[in-house]
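Enquirer: The primary structure of each chain is shown beneath.
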Amino acid sequence: AQSVTQPDIHITVSEGASLELRCNYSYGATPYLFWYVQSPGQGLQLLLKYFSGDTLVQGIKGFEAEFKRSQSSFNLRKPSVHWSDAAEYFCAVGATEGGKLIFGQGTELSVKP
Amino acid sequence: GAGVSQSPSNKVTEKGKDVELRCDPISGHTALYWYRQSLGQGLEFLIYFQGNSAPDKSGLPSDRFSAERTGGSVSTLTIQRTQQEDSAVYLCASSLGQGSDTQYFGPGTRLTVL
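Protein chains in written order, with this note's numbering: chain V, 1 to 113; chain E, 1 to 114.
Derived by calculation from the structure, the hints in this document are not laboratory data.
Among these hints, one or two may not hold up.
[Claimed, not checked] Here are a few chain E residues that face chain V, going by a calculated C-beta distance under 7 Å: (1) Ala31; (2) Gly42; (3) Leu43; (4) Phe45; (5) Gly51; (6) Phe65; (7) Ser73; (8) Thr102; (9) Phe105; (10) Pro107; (11) Gly108.
We treat Cβ as the ideally placed atom computed from N, Cα and C, and that holds for glycine.
Just chain V, same shape as in the assembly (with noise of 0.2 Å):
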């Protein structure tokens, strides 16, 4: 069965550093694999996806994430936090049968000034 495995329930990261959050998935095919981040009392909004071709995706607020098949891996970076990062990040796997997503438990991210 497809599963996500985010390892890292809370990161705390200072203003300015560099971020990487895991994220592994369980998938028989090419998987399709989604970050998305949710704010505060708000949605989910799409970083960046990956479906095909170049391994390594930039999505929107600087954010960029790296397909490794070999480890199973979909890890989302960010050179320099912002405190506005400050928010839950889920992983997602897109599963074959239809559309549905399959999402991490996600990882809560703090950014301390």
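Please build the complex by placing chain E on the supplied structure of chain V, with the hints as guidance.
Expert: Coordinates of chain E only, in the frame set by chain V:
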């Protein structure tokens, strides 16, 4: 353009009552999804509509949950005889099609069952 809208934004109900949650997808989007977000279970898929095809109901947790989509647009999620464990945020999303198409999420309806 307008995004996905959901109503009500908050709903408080008593155990045993029925509730209806509404979703208005982005115009022209053929696919519509319902998800549930709760502290214990994270984000779970509930049901998926694609055009005129039969909906994928594989994520509905019990037969107290049902959903319909009228005219290929607005969708209503109904929970009958609500239980306290139904308390969660119910999120609706729509997309142009399926697969790699981006799902755009609404702000959600927070349901509290007393």
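Enquirer: It remains to establish, for every hint, whether it holds in the given structure.
Expert: Here is what the structure says about each hint:
1. Contact between E:Ala31 and chain V, as hinted, is supported at the beta carbon level, the nearest pair being about 6 Å apart and thus within 7 Å.
2. Hint on E:Gly42 holds. Least Cβ distance to chain V is approximately 5 Å, under the 7 Å limit.
3. Interface restraint check for E:Leu43: the shortest CB-CB distance to chain V comes to about 4 Å, inside 7 Å, so the restraint holds.
4. This hint holds: E:Phe45 has a C-beta 4 Å from the nearest C-beta of chain V, less than the 7 Å allowed.
5. The interface hint given for E:Gly51 is violated, since its Cβ lies 11 Å from the closest Cβ of chain V, which is over the 7 Å cut-off.
6. Residue-level restraint check for E:Phe65 is violated (minimum Cβ-Cβ distance to chain V is 15 Å; threshold 7 Å).
7. A hinted interface residue such as E:Ser73 counts as satisfied when its beta carbon comes closer than 7 Å to some beta carbon of chain V; here the least separation is about 18 Å, so the hint is violated.
8. For E:Thr102, the interface hint holds, since its Cβ comes within 7 Å of a Cβ in chain V; the closest pair sits about 5 Å apart.
9. This hint holds: E:Phe105 has a C-beta 4 Å from the nearest C-beta of chain V, less than the 7 Å allowed.
10. With a least beta-carbon distance of about 5 Å to chain V, the hint placing E:Pro107 at the interface is held under the 7 Å criterion.
11. The beta carbon of E:Gly108 comes within 6 Å of a beta carbon in chain V, closer than 7 Å, and the hint placing it at the interface holds.
Consistency with the previously given hints fails for numbers 5, 6 and 7, ordered from lowest to highest.
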